[in-house]
Amino acid sequence: MSIPLADLVTILPELLVVFTACVLLVLDPITPASKKDFLAWMCFGTLVVCFFVTAAGMGQQTFAFGNMVVVDSYASFWKLLLYLVSGLTILLSIGYLKDEKIELAEFYGFIMLSLTGMMIMVSGTDLLVIYLGIELMSISLYIMAGFKRFEAKSIEASAKYFILGAFSSGILLYGISLLFGVAGSTNLAEISTAVTARGLNDPLVMISMMLLIVGFGFKVAAVPFHMWTPDVYQGAPTTVTVFMAVASKAASFAAFLRVLLEGFGGVKPNWSGLILGMCVLTLILGNLVAIVQTNIKRMLAYSSIAHAGYALIGVVVTGWMGTEAGVASRGVSSLMLYLAIYSFMTMGAFTIVAILRRGGLEGEELDDFTGLAKRHQGAAFLMMLFMISLAGIPPTAGFIGKFYLLMAAVDAGLTWLAVLGLIFAAVSAFYYLRVVMVMYMREPSSDQELETRLALSPTATVVLACAVAGVVFLGIYPGPLVSVATSSAIPLP
Amino acid sequence: MLYALIPLLPLFAFIVLGLLGHRIKDRAHLIAVPAVGISFVLSVMACSEVVDGHVLEIPLYTWATSGELTIRLGLYVDQLTAAMLLLVTIVSGLVHVYTIGYMHGDPGYARFFGNIALFTFSMLMLVMSDNFVQLFVFWEAVGLCSYLLIGHWYERPSARAAATKAFLVNRIGDFGFLLGVLLVFVTFGTLQYQPVFADAAAHVGETVDLLGAVGGGWEVSAMTLICLLLFVGAVGKSAQVPLHVWLPDAMEGPTPISALIHAATMVTAGVFMVARLAPLYNLSPVAMDVVAVVGGLTMIVGATIAITQTDIKRIVAYSTLSQLGYMMMACGLGGYVFGIYHLLTHGAFKALLFLGCGSVILAVHHEQDMRHMGGLKDKLPITYWTFIIGSLALAGFPLTAGFFSKDELLLSAWNAGALGQTLTVLGVLTAGMTAFYSFRLVFVTFWGESRVDPHHADDVREPAKVVTVPLLVLAVLSIVTGYIGIPEFLQHAFPGSEGAGHHGPAATGIMIVATLAGLIGIGVAYLFYVKSPDIPDRLMTQWSMLYNLSLNKWYVDEAYDKAIVNPTFKMADYMWKKFDIAIIDNAVNGVARGFAWWGWVARFIQTGETQNYALSMTVGAVVILTAYVVF
Amino acid sequence: MSVPIEFYLALSGLVFLIGLVGVLVRRNIIVILLSIELMLNATNINFVAFSAYLGNLAGQVFVFFALTVAAAEVAVGLAIIIALYRHHESINVDDFSLLKW
Amino acid sequence: MTVSSGGFPWITLVVFLPILGVVAILLAKEEMAKWIGFAASSVVLLVSLPLWGMFNEATSAMQFVEKHHWIASPSINYAVGVDGISLPLVLLTTFLTPLCVLVSWTSINTRIREFMISLLVMETATLGVFVALDFVLFYIFWETMLIPMYLLIGVWGGENRVYAAIKFFLYTLAGSVLLLVAIIVIFFNSGEDTFDILTLSQAAYSPTLQAWLFWAFFVAFAVKVPMFPFHTWLPDAHVEAPTAGSVILASVLLKMGTYGFLRFTLPMLPDATLTFTPIIMTLSVIAIIYGAYMAFAQSDLKKLIAYSSVSHMGFVTLGIFALNAQGIEGAILQMVNHGITTGGLFLCVGIIYERTHSREISDNSGLAKPMPCYATFLVIFALSSVGLPGMNSFVGEFLVLIGTFMWSKLAATLAALGVILAAAYILWMLQRVVYGVPAQHMLSKLYDMNPREIGLLLPLVGFIFWIGLYPKPLLDVMHASVENLIQQEVRVMTVENPGQNILESYVLTDSSSFALGREALAR
Amino acid sequence: MLGTLIFFYLAGVIVLTATLVVALRNPIYSAMSLLVMFFHVAGLYVTLHAEFLAAIQIIVYAGAILVLYLFVVMLLNIKGEEKYNKQSFVALCLGGVLLVESVVLGVSQGITVASPRSPSLGEPGASVGNTESIGEILYSTYLFPFEIASLILLVAMVGAVILTKKDIFESKSS
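Protein chains in written order, with our numbering: chain D, 1 to 493; chain X, 1001 to 1631; chain W, 2001 to 2101; chain G, 3001 to 3523; chain Y, 4001 to 4174.
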């Protein structure tokens, strides 16, 4: 039994990340507390390297480990995004962990490991692998969510996430088992042949698909499987929230889409309708409930649900009956584009929340932002920028993302869906702008003046810089990203 | 081209005064008077050029083009215009002079001169305009001037109100006028006089669909509609019934204004317009009759009100009203020449009367109620005698200008068929009343013992030369204008309107009757207010109803207030609060509130209990599976 | 083979549903985790049955991995439960709902 | 690749110079902000003037066109240019912004830097809207404009500013929801892979589709204008906004809506336009009368002017949908006029507000004595908004009325009624504000205008009389473009009933357009 | 025939014990009945010729996991006798619906499984299931998942430590 070298080369990035994680876990005990940052930088460096490795391999399509893993441009796109997000999360955490007094180097280890899980999810072509990837990612996240052990909220978030996560993965697994019965294998390609052969109304196919949709719907936080999101996002440490809101959501969408298209490509009408329903519900509920939130983290959580709704538009389009290949791939690419852009703006928004501190705590209440523009013009301005972008108002990137999704929707003949999406975009503007309003149009109370400060570590500055750059640049000149997304969408059938 | 200066000089004066007014202050007249003076001279020259029947046309510039619409501004001087030019420049010039004395020491001295200069400019442009747009532009411009001038003493609430009222009522008239202009364009495709007049005949048969794209197809004759709409403007401007209400109130303005704008020139613009557009009116009998009837009505209404008023200026104002009625009636009956003729003579003697009132008012320290006057004839000889002349002319006393013009006017009316003859009878009646109230005014003001406020009863004396000289000049004019053959001069402007034969039984009959009416009126006035002053009071009590009706101007103002003004404001407030805010705006905010409310409701799905979350997932699963089972 | 595959499917389905209901009805976290174990076992029964029926080992291998994951989850889960217990002195899920609405 | 006009990129320069100003402000010190703001906006004005000079009135084609590829798929270009319709509006914008800076000179004394930045960003956005030749570009500018306006109202506004700001923002945003969808739908139905406005205007769309698109456009534009049922945000926004905000709002922002009608609805959806003209005309007439009538009830100067704006913008829409040269040119002219006149009025209100800190008529009465110079200006602007002949508004209203009169006597008559009402409420306002008796407690605060204030009102007065007395040059700029625009309609109408040009079809049989509309709908 | 009987015995016990796990009020009893069930599942595996898995089932599940549970239960000495959740009725209904629906589906359409991969194996499961072959593919075909599984375990290990170790932060920060 010998390990084919080629396969190892194919999964080189994964190996690098894992290796770094292990090294970190080894070095952690022997590095003095003052030097911990070094470990973070080590991880960051690794990610940079991985970035270039993946970017270099962009374009070709290589299978490894007997078609269990594929590295195609679709996977690469997501991986690049994941590196970026994880890297920024790490940078942000360096300062944040100190402020929150949870300075554990293991944290970075978990980020790396769960990143590994995500990478496996996006490039797995075998349900077994995808499942394991999901588990690796989720278990790390359960732990990270509870990282502020001494805070009841944090642990509660962790517990809720864990219970529901385990529940959903149980459901997912059962679905997989049925599929195995259907196809005699867990490989997506074989599954799709079997499913296509059996057609729409085979009970096993139906039930298994239902279970899979529930499982993935949970991961991407689509209504009605979204309910963990607000609680967990609010309770978890902010950097973890960012990581969950951006990275895990992106990875889950990637895997979800791959499973749907490569596994169930034959029965598109069977699932696109369902996804459409989920999509509509998600849009409506996410936006409506966000209106009444007073805690920014929770508000952003609901907004991330709403954004999942928008992303689902892309999924719907890819599967919508009667759409020819061109339209379908437009759906995929617009989804990828949207999530990429969404990552930047969400990253930015959460970063502001993370660095804004009132007393010893982080300024996560809406009230903590009162009159921010008076004291910290820069922060207020950036927050406004991110809010505008999240609301999808030009000339920020958020608009471009929505624009392409709507294009796809209209192209697929779902004009009404586009209208609905935009109406709720207008609704969302209300709660996003309320933040702006609070920052710019309210007078801060005197004690607030004293209490609030900006824990702006240099690394956090870098994060903000990247986020702003993304939001503005992609808003004004989205061309490159668009073309990348378009080309990366091709490998999917 | 030289004649372009006629209007431009006053404009220049206005601009100078407008910009440097605060510097020039009391020397304002040094700029205004010469300007008007020169334009007077130029007008005389212009007049002499057109006296032999041909006309001057001076194109200025193309104002605007749009689609097939092209509007060229220009000046057009024919006999009608020339006569008006003279009238305007003369009266305006004299008023300028008079003002030097009258407004002496007024804080707004320069502003006042500026405004009358502007008015003179606008009025001249109005009479000289050669197209409808220009006519309309200055039609409103003179209205603006009167607005500014009536409101000259804006500290007085009454003056403010009067100014606004004047402008608004005029606006209502102009609304019709504007529509008329639009209709002219739609019918003729142009707005220049000459082409319109040229092919007016061709469009007689045309009709317009009133409702247009809205459908319904309510057809009326284009020509009639045009004439009537334009006439609405005239009704407003010339204070004809029912839009006459603004003129009396306009007396709140300084007296020179009353003389210039509200007696001699602006208010006659309506008559002028009808005359100017004779070629159109001639083609629409209906419109003509309407004009005539409205004129006649105004004539009688004005007179009936005048006989009971006590404010000297208002008396004169109402007499102006009824005189305008005469003119309008004449035009309506086709006697344009005589309408204009009377317009000119009236311009002279009415200006005279106003300025006379002015000097009286000046003498008795801005007292206008004649019950606080009397016995002034010794103190103010010049004023008194000139005033007498004016009144005689107004009463149509033989050998005054008023006598000739009114006489020929009535004559032409008499010759204009049944309607004409009925109106003539009214005219004679009115003549009688006119004589009565004008001499009532004279007797009460100048005769009898003084009822002047004792404080300054002693220092009542003749005002300065600048005030009296214009009186004398006008007095002369109100005689002379009867003899210089104005009608013949005007004939050229109205081809085919040779005045009815000046001889024959009708002519003499009318002359005698009218004169008699005048004399009777004077006699009655003498009887009432000199011989036995108790008669009026007795009548007053006997016919109190009629008396009050007349005293309160037939309650027209009250009616308007009750029927239109107050409801408008009340309704507006109600609509705003109950409809705009309570319904429309509420609906808008309601949508927003609705979303928020749903959000508030939906948040409670998120109970915070883990197992509820798991349950909702299960529900989701069930729903999906059911969907599959069902479909 | 003597027993038709449908029986196995029915069995596993039943167990799975019981586990699922268990998750929904029990308040004690530990029992909830046990119910989840039921669901996983149902899965495993499926896999084994299929693999035997189809005669390929993939199913058994999958069970192997599922087992590993289950073990890992249990470890983490119990850790969380302990941490949670430190805060609430209780491990009834409905006793902790700081985060809601 | 670049398909530039080859010439010097005037438009780009004009549009983005303000952004340079923003950068400068960010770098400079707070005290310098307003100076830079003024400098920047004036430079923009200077740079924009040559456009007028070099503009070729003969052609209806876009001029100073710049076109660069921006996004590959779908092909979205950075394409800008002006024609006779947009040029006046561009100039209006560049001309008013410096005034806005000036009027805020002393009245804005908190966060001057942000204020100036918002103002300049606003200028860029609005200019962008008027010059954009690419639909997506247009939409981007169209939306971008919301943010600075939101801040202007919300940060520097009056007591109730937050409510007004959010209302303004959400209302207009919600309005443009359908616009974006419509843009995309048009893109897919035009049969070409481009968002180029001119190309899309050439394509033909099925009447049913046109009907949908028409209403989609309508909502967006009508909210901006605002037309009758959608007007309620205007009073709030105007009243709460700072003076500069109100001026921009009234003078430039409202024009976007009507500009939208001209640039998109008419050329792209000719059939639908003909079909729905009666409805729009009705709404416009209602707006005219209703707005004027509401103004009666106002005791707050700004509210009064706001409602008068509704009325005046009613004239604009009326003229546009009269679909003939006079109407449309009058409408465009009226946009400019309304910008100047209402702008002037708001400036006046701002000036007095700076002294008395009240917008109530009762507090600001009898200004003629203490502030003669101010009173003069106020009277001039007021009379201009009454539409007094010899002043700018008259020309616009006159042309619009002619155009409308050709379409329907009744409509024109009702619209003309609006003119009377305008006279009524404006004069009533003057009677109290200018001529009334001063409120005693205010007397001490009433001092006449300083040179800066006079300086910023004088140019407006200049325009009022220039346009009033010699509108020809301004109209000449429009002719070609408007003619071209009308040809679009003619094309459709001649399809309906050949051998009739649009004017005849209106003049001879007023109801023809209505009938045509019905047929168009029936198809 | 015998096989069927055995199956029904095992299945019956499994379902019963499973129900007890959910039904019994006391966690300890639940755990116990789960233990019973594990053994029977293992038995089921044996009948399916998956002896290796059967062994693991006993060792890992019964031996490790369940003991762990009991350990925690003891550690936190939870007083038993807890009530069901308020939503239990709804939950049962939903479960019932799911059951009915899947039965309906199964009966109406009929369940068909993929055809056996290798017909050569006449008596299915004879050669498969022996530990050797499993180990074989586990280290060749399934090497990659195997590695991932190891990572999962690693994460779980470290995570458990981090979450439970007392005063971990104090020691770090000092």
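Careful, some of the hints might be misleading.
[Unchecked claim] Output of the computed footprint for chain X on chain G, the stretches with three or more beta carbons under 8 Å from beta carbons of chain X:
#	region
1	3387-3398
2	3406-3412
[Said to hold, decoys possible] Straight-line C-alpha distance at most 25 Å; calculated DSS-like pairs for lysine-lysine:
#	chain 1	residue 1	chain 2	residue 2
3	X	Lys1025	G	Lys3369
4	D	Lys98	Y	Lys4166
5	X	Lys1562	X	Lys1578
6	D	Lys268	Y	Lys4166
7	Y	Lys4165	W	Lys2100
8	G	Lys3029	X	Lys1570
9	D	Lys153	Y	Lys4165
10	D	Lys374	G	Lys3369
11	G	Lys3029	X	Lys1578
12	Y	Lys4083	D	Lys101
13	D	Lys101	Y	Lys4165
14	D	Lys98	D	Lys35
15	Y	Lys4086	W	Lys2100
16	G	Lys3303	X	Lys1577
17	X	Lys1465	X	Lys1570
18	Y	Lys4166	D	Lys35
19	D	Lys153	Y	Lys4086
20	Y	Lys4165	D	Lys98
21	W	Lys2100	D	Lys153
22	Y	Lys4165	D	Lys35
23	G	Lys3445	G	Lys3303
By construction, these hints were calculated from the structure, which means they are not laboratory data. In this text, a Cβ means the ideal position worked out from N, Cα and C, and glycines have one as well.
- Message: Please list, smallest to largest, the hint numbers that this structure does not respect.
- Response: Per hint list: 6, 7, 8, 10, 11, 12, 17 violated.
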